[in-house]
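As given, the protein sequences belong to chains V and S, one line each in that order.
Just so you know, the working numbering puts 298 at position 298 of the first sequence, and the rest follows in order with no gaps.
Just so you know, the working numbering puts 18 at position 18 of the second sequence, and the rest follows in order with no gaps.
Simulated from the structure, these hints should not be mistaken for laboratory data.
Built from N, CA and C at the ideal position, the CB exists for glycine as well.
Heads up, a few of these hints could be off.
A few chain S residues that don't get close to chain V, going by computed Cβ distances all over 12 Å [claimed, not checked]:
no. : residue
1   : ASN38
2   : ALA231
3   : ALA302
Think about it this way: if two alpha-carbon atoms lie no more than 25 Å apart in a straight line, the pair counts; the simulated SDA-like pairs of lysine to any residue are [to be verified]:
no. : chain 1 : residue 1 : chain 2 : residue 2
4   : S       : LYS140    : V       : ARG168
5   : S       : LYS27     : S       : LYS266
6   : V       : LYS328    : V       : GLU214
7   : S       : LYS140    : V       : PRO198
8   : V       : LYS210    : V       : GLY185
9   : S       : LYS99     : S       : ASN38
10  : S       : LYS144    : V       : GLU22
11  : S       : LYS144    : V       : GLY112
12  : S       : LYS144    : V       : GLU214
13  : S       : LYS272    : S       : PRO262
14  : V       : LYS210    : V       : PRO198
15  : S       : LYS140    : V       : GLY54
16  : S       : LYS140    : V       : PRO38
17  : S       : LYS144    : V       : ASP170
18  : S       : LYS191    : S       : ALA205
19  : V       : LYS266    : V       : GLU292
20  : V       : LYS208    : S       : ILE28
21  : V       : LYS210    : V       : ARG168
22  : V       : LYS266    : V       : ALA300
23  : S       : LYS144    : V       : GLU56
24  : S       : LYS144    : V       : ASP26
25  : V       : LYS208    : S       : PRO262
26  : V       : LYS208    : S       : VAL326
27  : S       : LYS212    : S       : GLY160
28  : S       : LYS140    : V       : PRO62
29  : S       : LYS99     : S       : ARG325
30  : S       : LYS140    : V       : GLU292
31  : S       : LYS144    : V       : ALA20
32  : S       : LYS144    : V       : ALA55
33  : S       : LYS140    : V       : ALA20
34  : S       : LYS191    : S       : TRP172
35  : S       : LYS144    : V       : SER28
36  : V       : LYS232    : V       : THR259
37  : S       : LYS99     : V       : GLY112
38  : V       : LYS208    : S       : ALA328
39  : S       : LYS309    : S       : MET1
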Amino acid sequence: MTKSNERKLTIARAMAEATAQEMRIDPSVFVMGEDIGPLGGVYGNTRGLIEEFGAERIRDTPISETAFIGAAVGAAQDGMRPVVELMFVDFFGVCFDAIYNLMAKNVYFSGGNVKVPMVLMTSTGGGYSDGGQHSQCLYGTFAHLPGMKVVAPSNAYDAKGLMTAAMRDDSPVVYMYHKGLQGMGWLGTEAGATVHVPEETYTLEIGKAKVVREGKDVSIVSCGMGVHNALKAAKKLEEQGVSAEVVDLVSLVPLDRDTIRASVAKTGRLIVVDEDYMSYGLSGEIIASVTEHDISVLKAAPKRVAFPDVPIPFARVMEQFCLPNPDKIVAAWDQMQAA
Amino acid sequence: MSPTREEQHWMYRNMVTSRRFEEAIAKIYFEGKSPAFNMANGPIPGEMHLSDGQEPVAVGVCAHLTPEDVVTATHRPHHQAIAKGVDLDKMAAEIFGKKTGLSGGRGGHMHLFDDNVNFACSGIIAQGMGPAVGAALSRKMQGKPGVAVAFVGEGAVNQGGWHEAMNLAAVWNLPFICVVEDNGWGISVAKETASSIGSHADRAAAYGIPGKRIEGNDPYAIFEAAGEAIARARAGEGPSLLECETYRLAGHFMGDAEAYRPEGEKDALFEKDPIPKMRERLLAEGAASEAELNTIEEESAARVDAAIKFARESDDAAPEDALTRVFAA
Numbered sequence: 001m002t003k004s005n006e007r008k009l010t011i012a013r014a015m016a017e018a019t020a021q022e023m024r025i026d027p028s029v030f031v032m033g034e035d036i037g038p039l040g041g042v043y044g045n046t047r048g049l050i051e052e053f054g055a056e057r058i059r060d061t062p063i064s065e066t067a068f069i070g071a072a073v074g075a076a077q078d079g080m081r082p083v084v085e086l087m088f089v090d091f092f093g094v095c096f097d098a099i100y101n102l103m104a105k106n107v108y109f110s111g112g113n114v115k116v117p118m119v120l121m122t123s124t125g126g127g128y129s130d131g132g133q134h135s136q137c138l139y140g141t142f143a144h145l146p147g148m149k150v151v152a153p154s155n156a157y158d159a160k161g162l163m164t165a166a167m168r169d170d171s172p173v174v175y176m177y178h179k180g181l182q183g184m185g186w187l188g189t190e191a192g193a194t195v196h197v198p199e200e201t202y203t204l205e206i207g208k209a210k211v212v213r214e215g216k217d218v219s220i221v222s223c224g225m226g227v228h229n230a231l232k233a234a235k236k237l238e239e240q241g242v243s244a245e246v247v248d249l250v251s252l253v254p255l256d257r258d259t260i261r262a263s264v265a266k267t268g269r270l271i272v273v274d275e276d277y278m279s280y281g282l283s284g285e286i287i288a289s290v291t292e293h294d295i296s297v298l299k300a301a302p303k304r305v306a307f308p309d310v311p312i313p314f315a316r317v318m319e320q321f322c323l324p325n326p327d328k329i330v331a332a333w334d335q336m337q338a339a
Numbered sequence: 001m002s003p004t005r006e007e008q009h010w011m012y013r014n015m016v017t018s019r020r021f022e023e024a025i026a027k028i029y030f031e032g033k034s035p036a037f038n039m040a041n042g043p044i045p046g047e048m049h050l051s052d053g054q055e056p057v058a059v060g061v062c063a064h065l066t067p068e069d070v071v072t073a074t075h076r077p078h079h080q081a082i083a084k085g086v087d088l089d090k091m092a093a094e095i096f097g098k099k100t101g102l103s104g105g106r107g108g109h110m111h112l113f114d115d116n117v118n119f120a121c122s123g124i125i126a127q128g129m130g131p132a133v134g135a136a137l138s139r140k141m142q143g144k145p146g147v148a149v150a151f152v153g154e155g156a157v158n159q160g161g162w163h164e165a166m167n168l169a170a171v172w173n174l175p176f177i178c179v180v181e182d183n184g185w186g187i188s189v190a191k192e193t194a195s196s197i198g199s200h201a202d203r204a205a206a207y208g209i210p211g212k213r214i215e216g217n218d219p220y221a222i223f224e225a226a227g228e229a230i231a232r233a234r235a236g237e238g239p240s241l242l243e244c245e246t247y248r249l250a251g252h253f254m255g256d257a258e259a260y261r262p263e264g265e266k267d268a269l270f271e272k273d274p275i276p277k278m279r280e281r282l283l284a285e286g287a288a289s290e291a292e293l294n295t296i297e298e299e300s301a302a303r304v305d306a307a308i309k310f311a312r313e314s315d316d317a318a319p320e321d322a323l324t325r326v327f328a329a
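Can you build the whole structure from these sequences, using the hints too?
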């Protein structure tokens, strides 16, 4: 059903719109990163901004992530609200000191006397054969370290509200957007991510998960691209007479454990879908959040559909073999029943 | 540019205060750490990096700064903090891990933040470069007055992040000054072992900015060079790089046996201790009387005593407060 007032945007356009709207009302907001100026961001999320705001506030940087992320920390502590882009999350290796030792810790080290209001936007995800240094998610890596809020939108509506909330937050927010959801012409895009986005400014509360599909037999919990896989799996399960609930985490830090627990308490079964590596990560954290709270709600052992603990391979068949997909989620349900 | 009489007194006062502070910390540091030395024990646990001998750099630079200017300092930050005007009571209390400390005990001696005077330091080499460049960018974008100074050691110049930040400051023509405190040693590795050139000031050429090396750990010469660099930054003419020769009269950290030092080096450095040297010069040039210097010394000692007393008498940090202030309120 198409509503006459529907305004479908890609996540990329929703992010750019949120940023533009905030920049119009808050002169302390500015953007810096690689190729975010005339190019508009490799993933389109700053497109159109330099034309409106100029090169002073939409600031292309040298390829110096340590310097410009460190500089964002200093600018944030000095009254600005920088939005910086780490083009691929995989590049964190060259600049993590500025991220987790400065950005994430200076609020605490100052006893709260110093605020670090900055947004670190970074692209995540694979599925398009970009190899093992341009395809990772690393949700667990960032969410593990204290002092950073972490969000990962699955659709354009959430993307806009999260972007505005992130720019208004006095703490650093890592904004992890999935390349496969961005709506870039040259990159395959999940259609479900492009949704109606109101033109007016709004915020989405950071730290609040959403039940995006109600069900009673199993809770499928995920974020970003995984939510779309979960929704597709839920449709397949419905054909088998299984009613699956889908929880979109939206935020990884703070983690909305209440919503996860309430869902699993209702369904009694849990499948976690995570495009990040399996071990020591998001999937284990979600399961622990349920089991350490009340293991008695579970009718079956929880399952995870996550990226195996291998570097991300290049060859299409190898990468697709490793990535989560709806069939794997359905298979996880089947295993749960067989057990 | 030469320092006025008042500026000379200010520099001497801050050098003496810093030295008295380090002497007090050194003494207390060993409380509870004998007969067996265990860094975790005593009223001041953890690593302790003292700045004895390096005071001229801090005062020569900070004499030109106001509270609105931004300073990022190193893991060896006390002299720089004192010269920048960080609250000495709260700083001492932070070093003791007390509730009344700058961050209520969350940071410690390598993580001193005083937002009233825009001072911050950090424990990783060259790490203050990015934030100082960012603060300079912030001032430029906001059209607000103020410059940003990053103090680093000579070892920091071999970090990749140092070069990235220098380039960024230069390409954006920011009001930024990098001050390299060259004490000759990166813990136990001598400068000539680690660096391909003798004067790090030469590296300024790589960024198309002025660079200057100041020999002799001389507060007057540092004052002059820093004054030019800071005036240049204030005038919107961009960043500068200064390398100041200085002397580390202490070990890298408390408990460092310094076996790596050539024999006699330490004794020779003590012969050149910058504080008695400045005292002699003040008297010789008639910039201060014996009575004035005595007063400065007594007041400095009293100031340190009061800060230590404040720290000792303050309540310990509450353990459960560890769980607060991870995010901004």
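Status of each hint after checking the structure:
1. ASN38: Nearest chain V Cβ is 25 Å from ASN38(S), so the label holds.
2. ALA231: For ALA231(S), whose nearest Cβ neighbour in chain V is about 21 Å away, the distance exceeds 12 Å, so it holds.
3. ALA302: 27 Å, holds
4. LYS140(S) / ARG168(V): 22 Å, holds
5. LYS27(S) / LYS266(S): The given pair, whose Cα atoms are some 20 Å apart, holds under the 25 Å limit.
6. LYS328(V) / GLU214(V): With Cα atoms ~20 Å apart, LYS328(V) and GLU214(V) stay inside 25 Å; holds.
7. LYS140(S) / PRO198(V): Not OK: LYS140(S) and PRO198(V) at ~35 Å, beyond 25 Å, violated.
8. LYS210(V) / GLY185(V): At roughly 28 Å apart (the allowed maximum being 25 Å), GLY185(V) and LYS210(V) break the hint.
9. LYS99(S) / ASN38(S): 23 Å, holds
10. LYS144(S) / GLU22(V): Holds, at about 22 Å.
11. LYS144(S) / GLY112(V): Roughly 24 Å separates the two Cα atoms, so the pair holds.
12. LYS144(S) / GLU214(V): Violated: LYS144(S) and GLU214(V) sit about 53 Å apart, past 25 Å.
13. LYS272(S) / PRO262(S): Roughly 17 Å between the alpha carbons, so the hint for LYS272(S) and PRO262(S) holds.
14. LYS210(V) / PRO198(V): Status holds; Cα separation ~19 Å.
15. LYS140(S) / GLY54(V): Answer holds: LYS140(S) to GLY54(V) is near 15 Å, not above 25 Å.
16. LYS140(S) / PRO38(V): 22 Å, holds
17. LYS144(S) / ASP170(V): 21 Å, holds
18. LYS191(S) / ALA205(S): 20 Å, holds
19. LYS266(V) / GLU292(V): The given pair, whose Cα atoms are some 17 Å apart, holds under the 25 Å limit.
20. LYS208(V) / ILE28(S): Roughly 48 Å separates the two Cα atoms, so the pair is violated.
21. LYS210(V) / ARG168(V): This hinted pair holds, its Cα atoms lying about 21 Å apart.
22. LYS266(V) / ALA300(V): The hint holds at about 13 Å.
23. LYS144(S) / GLU56(V): 15 Å, holds
24. LYS144(S) / ASP26(V): This hinted pair holds, its Cα atoms lying about 16 Å apart.
25. LYS208(V) / PRO262(S): 61 Å, violated
26. LYS208(V) / VAL326(S): Since the Cα atoms of LYS208(V) and VAL326(S) sit roughly 19 Å apart, the hinted pair holds (cutoff 25 Å).
27. LYS212(S) / GLY160(S): 21 Å, holds
28. LYS140(S) / PRO62(V): 18 Å, holds
29. LYS99(S) / ARG325(S): Holds, at about 13 Å.
30. LYS140(S) / GLU292(V): 51 Å, violated
31. LYS144(S) / ALA20(V): Cα-Cα ~24 Å, so holds.
32. LYS144(S) / ALA55(V): 19 Å, holds
33. LYS140(S) / ALA20(V): 21 Å, holds
34. LYS191(S) / TRP172(S): Distance of about 30 Å is beyond 25 Å: violated.
35. LYS144(S) / SER28(V): 12 Å, holds
36. LYS232(V) / THR259(V): The hint holds at about 21 Å.
37. LYS99(S) / GLY112(V): 13 Å, holds
38. LYS208(V) / ALA328(S): Measuring from Cα to Cα gives roughly 18 Å; hence the hint holds.
39. LYS309(S) / MET1(S): 39 Å, violated
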